[in-house]
Amino acid sequence: MSLREMLKKYPARLEEREEQQKKDKEYFHCLSEKLQDLGCESEELQTKLDSICPKGSFLDIEELNSPKAESIEDILRESPPRLRHTPILKAQAPLLSKPEASLLHPRINGSPTI
4 MSLREMLKKY PARLEEREEQ QKKDKEYFHC LSEKLQDLGC ESEELQTKLD
54 SICPKGSFLD IEELNSPKAE SIEDILRESP PRLRHTPILK AQAPLLSKPE
104 ASLLHPRING SPTI
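Just so you know, this note's numbering puts 101 at position 98 of the sequence shown, and the rest follows in order with no gaps.
Heads up, some of the hints might be wrong.
[Claimed, not checked] Restricting the straight-line Cα-Cα distance to at most 30 Å, the calculated cross-link-like pairs of lysine-lysine (DSSO-like) are:
(1) K37 to K12
(2) K37 to K11
(3) K26 to K11
(4) K26 to K12
(5) K37 to K26
(6) K37 to K25
(7) K12 to K25
(8) K11 to K25
(9) K51 to K28
Derived from the structure by calculation, the hints contain no laboratory data.
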């Protein structure tokens, strides 16, 4: 493209860019309003939740959001074992003690396992 062609197209492209910037500005303004509305709604819902279920009651949200960590011993003592979403991989077996690692392999030292 020659310099003359570029100079001819420059005003039209500049105008297109300004229009796009106006659209972007409107979009971000609407988006910020929606975020403010959601923030207010969140505060209202938190207030309602606090009035229904006061802090220190049996249903503490922080307790629900952060499950207690379990040790491997606790998991092994379960009867029947619970289904877990994150199974222990064979690659992690070296991190476990020998009895726990033996649960991952069908035979260790020639003896069958559970």
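Each hint tested on the structure:
no.: 1; hint: K37 to K12; in the structure: violated, 38 Å
no.: 2; hint: K37 to K11; in the structure: violated, 41 Å
no.: 3; hint: K26 to K11; in the structure: holds, 24 Å
no.: 4; hint: K26 to K12; in the structure: holds, 21 Å
no.: 5; hint: K37 to K26; in the structure: holds, 17 Å
no.: 6; hint: K37 to K25; in the structure: holds, 18 Å
no.: 7; hint: K12 to K25; in the structure: holds, 20 Å
no.: 8; hint: K11 to K25; in the structure: holds, 23 Å
no.: 9; hint: K51 to K28; in the structure: violated, 35 Å
Hints 1, 2, 9, counting from the list given before, are not met by this structure.
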